[in-house]
Amino acid sequence: MARRALGRSFEGGPQDDFLEGTGRSDVLFGAGGNDTIVGGRGVDLLFGGSGSDVFVFDDGHAGDMSFGRADTVGDFSSEDALDLSRTEVRYFAGYDVVSPDRGGFSIWEARGDTYVTWNTFGKFHDVKLADFQGDYDELFSQIRWYDDDYLASTATSGVIGAGETVTGEIEIAGDEDWFRVEIDAGQLYTFELEEADESGTIYDPYLVLYDAFGDYLTEGYGALSYFADTTDTFFVSVGAYDGTGSYALTATAAPYTDDFGDDPSTTGEIAAGETVTGEIGVPYDQDWFRVEIEEGLLYEFGLEGVGENGEALLDPYLALYDPSGEFVIDGYEALSFLGDTTGTYFIAAESYGETGSYSLSLTAGPYVDDFGNEPSTAGEIAVGEMATGVIGVFYDEDWFRIDLVENETYAIDLRGQSSGSGTLPDPYLSLLDAEGSELAFNDDTNDLDSQIVFTPDASAIYYLAARELSSGTGTFELEVFVYEGDILIG
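Under this note's numbering, read the sequence shown as residues 1 to 490, first letter to last.
Hints are not guaranteed to be accurate.
Listed next, with one range per pair, are the computed distances between beta-carbon atoms [as the list claims (entries may be wrong)]:
1. 214 to 184: 37 to 45 Å
2. 386 to 324: 27 to 35 Å
3. 483 to 275: 45 to 53 Å
4. 457 to 334: 41 to 49 Å
5. 446 to 385: 32 to 40 Å
Quick caveat, the hints were computed from the structure, so don't treat them as lab data.
From the three backbone atoms N, C-alpha and C, an ideal C-beta is built for every residue, glycine too.
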């Protein structure tokens with residue numbers, strides 16, 4: 001119901017009111033409902049009350065335009081909005097800033113109060129937000145600087161439910177339209193975005209899901225799926241990476257049954273020589289499979305997407321967990337693990353935010369290490385020589401014995417993938433004494449290769465240990481030479 005203030009003070013009712021001030025300095029109370037409150041020509045005091053209220057400021061009001069004069073919003077909250085659509089302002093895409101045709105836009109504080117200031121036609125507008133609490137970023141999200149259909153915040157008037165389709169428009173580059181959605185626990189919600197009709201021009205659209213507080217949860221391109229374990233209010237946002245135009249947003253919901261669980265209680269199992277299939281049905285779903293590991297055997301897991309027409313899982317990812325469900329090691333499409341104890345482990349198939357079908361394979365067999373990680377199984381290298389080796393499994397370490405002379409300076413290089421000297425992703429080099437105590441170490445001297453420059457204080461036997469910094473595997477080159485100048489790799 002629309003109402004117009006006729007005097008210096010006016011209060012709306014519990015319904016949604018439209019309140020507009022007179023030429024005097026008015027006090028306008030929105031009371032209940034989602035109200036629209038427009039300051040008049042005077043210096044006005046505006047209260048929205050409860051609900052999601054919109055405070056409108058107009059270039060046509062001399063009071064709003066006068067330098068040094070300000071309307072005051074007495075109870076601005078995160079549910080409310082400033083509407084500057086009646087002012088001559090422009091939006092700069094990609095930046096949290098608006099600007100009028102002349103002058104600038106700013107948010108500033110004075111004596112503990114927060115002000116919004118903008119300038120049109122050489123005159124300033126000041127809007128004092130007396131009780132505003134929150135970050136400036138939050139305030140920016142509440143400002144309407146163009147004729148927007150839906151706000152990009154939790155104060156939006158947009159609502160969508162399961163089985164419904166809503167339409168809207170991305171009016172300018174960088175615009176986002178938020179819609180409130182009530183999501184029930186145990187349901188799989190799917191949001192799909194398309195042009196509203198044949199004349200729609202939206203290009204490269206994306207969707208983002210936020211929780212009840214407006215905090216980011218997940219995102220997708222033309223579609224987004226989400227499985228909630230609690231019943232709550234969420235917000236889905238429509239945007240476009242490029243261009244503007246109309247769109248239609250559809251929400252559907254259905255009970256979701258996961259094929260495999262994501263903890264040790266899973267029903268999934270895999271054994272050496274087998275291949276199993278499954279589906280990552282929602283973003284960040286994990287499918288766990290029980291696997292029996294024997295000490296001393298090398299286990300190699302492979303994960304790949306299967307299916308056609310967009311059904312295959314993209315960006316697959318593997319993680320291994322120990323018998324108590326604690327993380328051990330991870331990898332992308334492949335993962336190797338040398339069993340150090342016999343027991344039940346769990347291999348998890350997942351993806352970085354993608355969904356789709358996959359196949360998981362497992363092979364196992366004896367592992368023969370090229371060089372051990374103790375003096376009795378170490379290889380040998382001499383000064384001026386180069387040795388090669390393989391880090392074949394997670395935490396493998398290859399030791400090499402070397403004789404070094406007192407007061408001679410040596411450069412020791414460990415090279416891998418980054419220099420084209422092998423396939424080891426991130427070589428890590430250690431220098432040990434005859435007892436196996438570490439004397440020096442290095443990672444990433446030149447790109448990802450490693451180098452140690454060392455001058456022993458005694459002629460003795462030393463050991464060089466080559467490994468990978470994290471969980472990678474691959475081949476490497478190890479070279480030792482007398483240092484006679486600048487430190488160089490190779």
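Here is what the structure says about each hint:
1. 214 to 184: 37 to 45 Å: 20 Å, violated
2. 386 to 324: 27 to 35 Å: Once the Cβ atoms are compared, 43 Å apart, the range 27 to 35 Å for residue 324 and residue 386 is violated.
3. 483 to 275: 45 to 53 Å: With Cβ atoms ~52 Å apart, the hint holds.
4. 457 to 334: 41 to 49 Å: Distance hint for residue 457, residue 334 holds at roughly 45 Å.
5. 446 to 385: 32 to 40 Å: Given range 32 to 40 Å: violated, Cβ gap about 20 Å.
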